[in-house]
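Peer 1: One letter stands for each residue in the lines below.
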Amino acid sequence: MDADASAEERASIDAYLGPPQDGWDGGAREGDTYRVGRSGQAARDQRELLIEALHVLQGDVGWISPGGMNYVCRRLSVPPADAFGVASFYAMFATKERPKTAVHVCDDLACRVLGAKSLLAELEAAVGPEGTAASDGSWTWHRSPCLGMCEQAPAILAQRAGRPDVAVGGATAADVVAVAAEGSTMTSKGAVTAPQTRDTTDRADLRLLRRVGHVDPASIDDYRANGGYEGLHRALEIGPEATIAEVKDAKLMGRGGAAFPTGVKWEAVATQPAHPHYYVCNADESEPGTFKDRLIMELDPFAVVESLTIAGVTTGCAKGYIYIRGEYPLATERLAGALGEARRHGLLGTDIMGRGAVFDIELRRGAGAYICGEETALLNSIEGKRGEPRNKPPFPVQRGLFGKPTGINNVETLINVLEVLRIGGAAYAAIGSEGSTGPRLFCLSGQVARPGVYEVEHGATLGEVIELAGGPTNGIKAVLLGGAAGGFVGPDRLDVRLTFEDARAGGYTLGSGVVMVLGEDTDLVDLILRIARFFRDESCGQCVPCRVGTVRQEEAIHRMVAGRTVGSVHDELVLLDDIAKVMRDASICGLGQTAASAVQSAIATFGLFGSGGVA
Amino acid sequence: MFGAGGGTSSYEEVEHTDLVLLWGSNARAAHPIFFHHVLKGIHNGAKMIDVDPRRTETAEWADIWLGIDVGSDIGLSNTIAREIIANDLQHHAFIEHATTGFEEYKASVSDWTLERGAQVTGVPAEVIQEVAHAYATAPRAMICWTLGITEHHNAVENVLSLINLSLLTGHVGVYGSGVNPLRGQNNVQGGGDMGAIPNKLPGFQDIETDHEARARFEAAWGVPLDPKYGWTLTQQFEAMERGDITAVYVIGENPASSEADKQHTVHLLENLDCLIVQDMFMTKTAELAEVVFPASNSAFETEGTVTNSERRVQRCRAALTPPGNAKDDVWIINQVARRLKDDWIPLEPQQAWDELRTLSPMHGGMSWERLEELGGLQWPCPDENHPGTPILHTRLWEFDDPETQGTKAPFSVVIDDPPVDLLDQEFPLRLTTGRRLDSYNTGVQTGGYTSPLRRGESLDISPEDARTYGVSEGDVVAVSSRRGTVRAPVHLDPALRPGLVFMTFHFPDEVDTNVLTIEATDPRSGTAEFKATAVRIDKVDAAVGAE
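Those sequence lines, one after another, are chains A and B.
Residue numbering for the first sequence follows this note's numbering, starting at 988 and increasing by one per position.
Residue numbering for the second sequence follows this note's numbering, starting at 4 and increasing by one per position.
Derived by calculation from the structure, the hints in this document are not laboratory data.
Just so you know, not all the hints are guaranteed correct.
[As the list claims (entries may be wrong)] Straight-line Cα separation of at most 27 Å, DSSO-like style, residue types lysine-lysine; simulated pairs:
1. K1372/A to K1087/A
2. K231/B to K330/B
3. K1306/A to K1391/A
4. K43/B to K1372/A
5. K1379/A to K43/B
6. K1087/A to K1104/A
7. K1083/A to K1372/A
8. K1235/A to K1391/A
9. K344/B to K1391/A
Predicted, not measured: the structure shown is a model, and the values here were computed from it.
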């Protein structure tokens, strides 16, 4: 309880927060310290820096020691018990000492069907079970949920104390050893895995991906030479009301899963009487099988910065946040670079484009929590808290970040705004279908010839998208559509159209644009067990239906797999159905509400466990 | 305040004020329930300023903490007043229409420059200035204090100095502003209200000067009342020493553990002809008694009322039958009365209360039924149609109606008067005392329960002094004052500065802190200067010979 920070920990935190002010926040006890103390609101307002401060400790020291935590708490005026609750919530924070390097090996859906299992087996044989230190004690390995590199499966992510984190695709056991080695020169490479962009004839049709692979992501000049910042220029030219009108005319729907009309959201934020307003870019792309936002952030980062700036200045915000998942080191680095460049060029700050517009963006990293993709959990995480969703209403547009009106869109939604402003709302609305306007990004993974991010206009069929990616490599047993929170469809349904309205009518979901092709030899039971484990791990534990239901769901599947059912298989299936209903009806957020959907769809579609499901 | 012995505000108001000035009050530990209301205020955006020699757990919530020298409160308040007046931030209309004595007061603080204030209190001048401006300019501001103000030889002056600030700025008699002593028990207020103080009849009616009230009591009780103030607790002990008091009846107090200069107190109690103690526990005092009446628990074994710090009278009810031979206090007193007067008719609690309502105008409208129905009422509540009075002294703002306004509130000239027990080379450390969250007063009631926070008595000392004296955590030291010596283990507490040490009085069986404290008392309130003792510490090896 009274542990002190080491000199190294202290130096790391001081480098991030600046030196302590007085003896009460960690400085020397002298002079006025004995007579004056300032805590109060000003000190507690620093709470929002907690997670970044924990990142600093984790990154520099390799774990969050009690002493280090105590020092952070003193600096930020956060009770240590509270801070421990935060640190232990996030998977990327180690609150127990571990080797300097931890390699996270993805064993989630896409990697699982493409080599992760043999990689894990090799590591177990060579090093020992997960968490075992390698013989020299310098590194260890862990299983990980989806790292968002499904098109480069199998993927690994190395957290290395004192060195940058590295994400590696197409990883082998040798890569795991190499990335952990002292003096390793491996870096995260941004592979251009949007095959359409290589095709010079098709490129003219690309709207969202048109710069991907063709501009230097570090160069603002390159970005501007390719149409960059024309959208912001136009938005400032026509003003907020006309900008919102364009977005409404475009009928742009949110791409995060809920398909909420973006223009309506912008208008709601802009007209809220309470101030300040905030705009947040949800870049916590964590749905298993999803990697489109990562690709945009790595290869066209200025597009994210520009479109968030447009959202901010249009809705009366002076400050915006990009909340990026912690497992994306390269995207983080490139966005940070883009933010710096934008500031240097007067495209963020107090006089944007010389027109007096005020807006700046802070980049915040998540730390390994799927739930933080849920918008209110994300807001809590920015505030330095456990990523537990809030009850709605009030909705974020009413009371969001720090209790103030807050707009929040994901990366893909935001960059669509650039296209809306480029061609005009009406022209944009003419793309796609009546109820689903504009282009859409899909994440093709699994057993397809050319996995990657694909852009199609709304209305393409599932089969067409799979063909775009070169077709299946091993036949099709099933397609996981929309991610772990989505569902499985069979090969008989490749003609479904990928629009919001068709999905609603047909009882499937586009979710985050996941199209994971599963070949003939796929073990579907293994996949739904992985999905059940995923939700059990990722449930934040705040509300009972999900906390208990995700555990019960996994247990029931295990019992059926092991042939040790309680009652008949049918009884277990009835139980699963009950659990699914309770979670769907009584959980406060989308995680619990969808935690059973993939499992249920697999059982119903494929008659798993020798049953046609529960009628 | 201003004659009425109670806080001017309701608890609820602190949730909606703009500034809370906690002065000599570690409310987070000592008044945790009230502090919940403070926290709500803080969450609603109120600023909190804390004046306390120690940077206590309360100070950890403060926007500004002022670590003044023990006993320099009047220096600080006079300096704040001068700074307010020098910057013309005082409330002119309120001063003109609702107060008296401003010019004398202004003259009396005129030489309390920021520099002098800084020199006397130890707090930097610019911080005092900041606090003065914050208090004067806050739309609503509340001063709350506890024993850090009252356990001094000049307690009344300390309180008056804070009232002066509220009058100067008009921060009284309006919602969200006021001056409030925090009480340490659920019924300290009620004890005073019911006449358990030497100079007042029930309902704060002066026994010497309020002839009408006295006549009312005489008529009701059928006996003449001596129009003379009684003795304060301290004066009673002096009377015991002189031999003027030879018999004492103690109800629910434990002076053998809680009084300053405890050896002397025990000696006096032992020499009485007769000591009667009525208590739930076999206290140290009870052990000295000729007769002990086992009493019941007022919280859940008796019928009656209690009155809290916001002057709210609440019903309490018997949920349990007292164990063994323990009896309700009212029953015991009735029995004693019967032995003293053959025709005494025992009074039930509700009858006693209804009698009070006829004698104390401020309780007149508080029938048990109304107390039950409304969840308590705040005095004054003169008749059954009166809603009670959440805020005292709103009348002062009736500038145009002298009758409603009544007596104007007087400023008081208060002179800085440092603690009696002076520091010198022999006793260089300032010991102050207080309470912790997990324990209550002498531990009679809390000692029976465990708490993960409780670590027993210690001499809390700054890390710097620990280095100076070559002691570390847990080392036992001898702590000596001009009156005695106790031994206690050392606890390092960064909330203390060099020269300032702290003890509680929760564990008299382990460490008898009040052996050290001085008996200097305020002549007007009778409170002792528990907060300021001069001590020295010696490592035990070296101190053995000196004991």
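Peer 1: Go through the numbered hints given earlier and state which of them the structure violates, listing their numbers in rising order.
Peer 2: When the structure is compared with the hints, numbers 2 and 9 turn out to be violated.
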